[in-house]
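**Q** One-letter residues, chain by chain:
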Amino acid sequence: MARLMCVANGNNTSSSTWAVIDSTSYSESETANTAMPTSYSSSASLGNFTPGAITVDGIGIRIAARTGTTGTLSVELYNHTGAASVAGTEVTVNMTDVVHCSTTNLEGG
Amino acid sequence: MFFKFSAPVTLLGATAYVVRFKTSSSSQCSIFTGGGLSTATRFLRTTTTQAPVAGDDRFIMGEWTAAATMTTRAVTADDTITIDYGSASTSLVTPALSISNGGTYEVPTSASTAYIQKISGNVVVYSGGTLKVGSSGSRMPSTSSLTWTMDCASNVDFGIRIKAYGTFSAYGESKQRITTLTSNVSAAGTIIPVTSTTG
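Just so you know, the protein sequences line up as chains A and B, in that order. Just remember that the working numbering sits 610 ahead of the position in the first sequence, which is counted from 1. Just remember that the working numbering sits 1 ahead of the position in the second sequence, which is counted from 1.
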């Protein structure tokens with residue numbers, strides 16, 4: 611069983627439409643939610659994973675609730691072993707880009 | 002929500018990584034976790050492409066590359082043979098088909114085509130996601146069909162959940178539901194002339 615994410619517009623049956631999600635990095639839950647910090651957390655406080663020498667092109671997360679629309683949201687991939695951010699992996703969006711969602715309806719995806 | 006890098010990155014073997022996140026202002030949003038930041042929801046997408054097969058779970062969502070810049074993604078459900086997608090999880094947290102903001106899963110409307118969707122697992126359309134069968138301008142014709150099977154082992158194992166601000170739409174061919182007599186008909190009449198005999 612694989613988890614695939616759409617990588618291009620196209621037919622469901624086409625191999626060029628889907629890319630594999632790395633299984634070691636995959637973590638999904640709706641058990642709880644935690645407010646996003648205003649600075650990157652210490653990597654020791656975050657769950658790490660060892661995916662191997664693979665090539666990746668993006669990060670997925672699930673927003674539980676958008677409680678404000680001020681400022682920006684940033685994500686990045688960080689090398690926990692080498693204690694350094696992975697170059698070219700930080701992406702920043704506006705909080706207004708985050709879709710409306712709340713923990714009441716669990717509609718954040 | 003998916004954040005796409007400016008270019009693919011090749012990771013190092015035998016190296017541990019974490020996904021980090023932050024907002025510029027406090028109290029703007031929260032992230033789903035299993036009980037703390039160490040269990041925050043996340044995944045990495047690889048550059049390895051492949052067609053889905055039986056048992057696979059699928060995710061469709063837009064790709065954010067910068068502020069106010071998202072590439073939407075649309076997948077055409079072109080299956081005409083049966084493939085039982087989905088890992089058969091009964092949890093709504095781990096659907097077989099997830100459609101999130103910026104993502105669309107749409108059944109096409111070609112003539113004389115029997116479209117098929119079979120899924121073992123839930124289908125969840127999240128806020129900003131779209132599940133559609135045709136459109137008002139391109140309706141499913143009478144010569145075609147869509148058979149959508151939720152392959153449950155027990156009653157209500159799986160279903161389709163459209164969450165708040167998610168969209169589901171389906172359009173079939175317009176039909177004329179009524180017609181009118183073209184002339185009076187007596188009570189003993191055996192022929193009823195009408196304007197239209199087609200639906």
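No lab work stands behind these hints: they were computed from the structure. Don't take every hint at face value.
[Unchecked claim] In silico SDA-like links for lysine to any residue, alpha-carbon gap of 20 Å or less:
(1) K23/B <-> N658/A
(2) K164/B <-> T641/A
(3) K119/B <-> T148/B
(4) K23/B <-> S695/A
(5) K164/B <-> A697/A
(6) K23/B <-> S626/A
(7) K133/B <-> T77/B
(8) K176/B <-> S146/B
(9) K23/B <-> N715/A
(10) K23/B <-> H710/A
(11) K164/B <-> S649/A
[As the list claims (entries may be wrong)] On the chain A side, residues computed to face chain B include the following (Cβ under 7 Å):
(12) Y636
(13) S652
(14) S655
(15) G657
(16) Y688
(17) T691
(18) V703
(19) N715
Glycine is no exception: its CB is placed at the ideal position from the N, C-alpha and C atoms.
**Q** Now, for every hint given, state plainly whether the structure supports it.
**A** Taking the hints in turn, this is what the structure says about them:
1. Our distance criterion of 20 Å between C-alpha atoms is met by K23/B and N658/A, whose separation comes to about 17 Å.
2. For the suggested pair K164/B and T641/A, the alpha carbons sit about 18 Å apart, so the restraint of at most 20 Å is met.
3. Pair hint K119/B plus T148/B holds up; C-alpha atoms about 8 Å apart against a cutoff of 20 Å.
4. Between K23/B and S695/A, the direct Cα distance comes to roughly 14 Å. Compliance with the 20 Å bound is thereby established for this hinted pair.
5. As the CA atoms of K164/B and A697/A are separated by approximately 36 Å, the hinted pair breaks the 20 Å bound.
6. Of the supplied pair hints, the one linking K23/B and S626/A is violated, its CA atoms being roughly 32 Å apart against a limit of 20 Å.
7. Restraint check for K133/B and T77/B: the C-alpha separation of about 10 Å stays at or below 20 Å, so the hint holds.
8. For the hint linking K176/B to S146/B, the alpha-carbon distance of about 15 Å falls within 20 Å, and the restraint holds.
9. Restraint check for K23/B and N715/A: not satisfied, since their Cα atoms lie roughly 23 Å apart, outside the 20 Å limit.
10. Pair hint K23/B plus H710/A holds up; C-alpha atoms about 18 Å apart against a cutoff of 20 Å.
11. Restraint check for K164/B and S649/A: the C-alpha separation of about 31 Å exceeds 20 Å, so the hint is violated.
12. At a threshold of 7 Å, the smallest CB-CB gap from Y636/A to chain B is about 4 Å, leaving the interface hint in force.
13. For S652/A, the suggested interface contact is broken, since its CB lies about 9 Å from the closest CB of chain B, more than 7 Å.
14. Annotation: interface hint on S655/A holds; nearest CB of chain B at approximately 6 Å, less than 7 Å.
15. The closest approach between the C-beta of G657/A and any C-beta of chain B is roughly 5 Å, which is under the 7 Å cut-off, so the hint is satisfied.
16. The restraint placing Y688/A at the interface with chain B holds, with a minimum CB-CB distance near 5 Å, inside the 7 Å limit.
17. The beta carbon of T691/A is positioned within 7 Å of a beta carbon in chain B (closest approach about 5 Å), and the interface hint is therefore held.
18. Hint status for V703/A relative to chain B: holds, with the closest Cβ pair at about 5 Å, below 7 Å.
19. Contact between N715/A and chain B, as hinted, is supported at the beta carbon level, the nearest pair being about 4 Å apart and thus within 7 Å.
The structure fails hints 5, 6, 9, 11, 13 (numbered hints given earlier, in ascending order).
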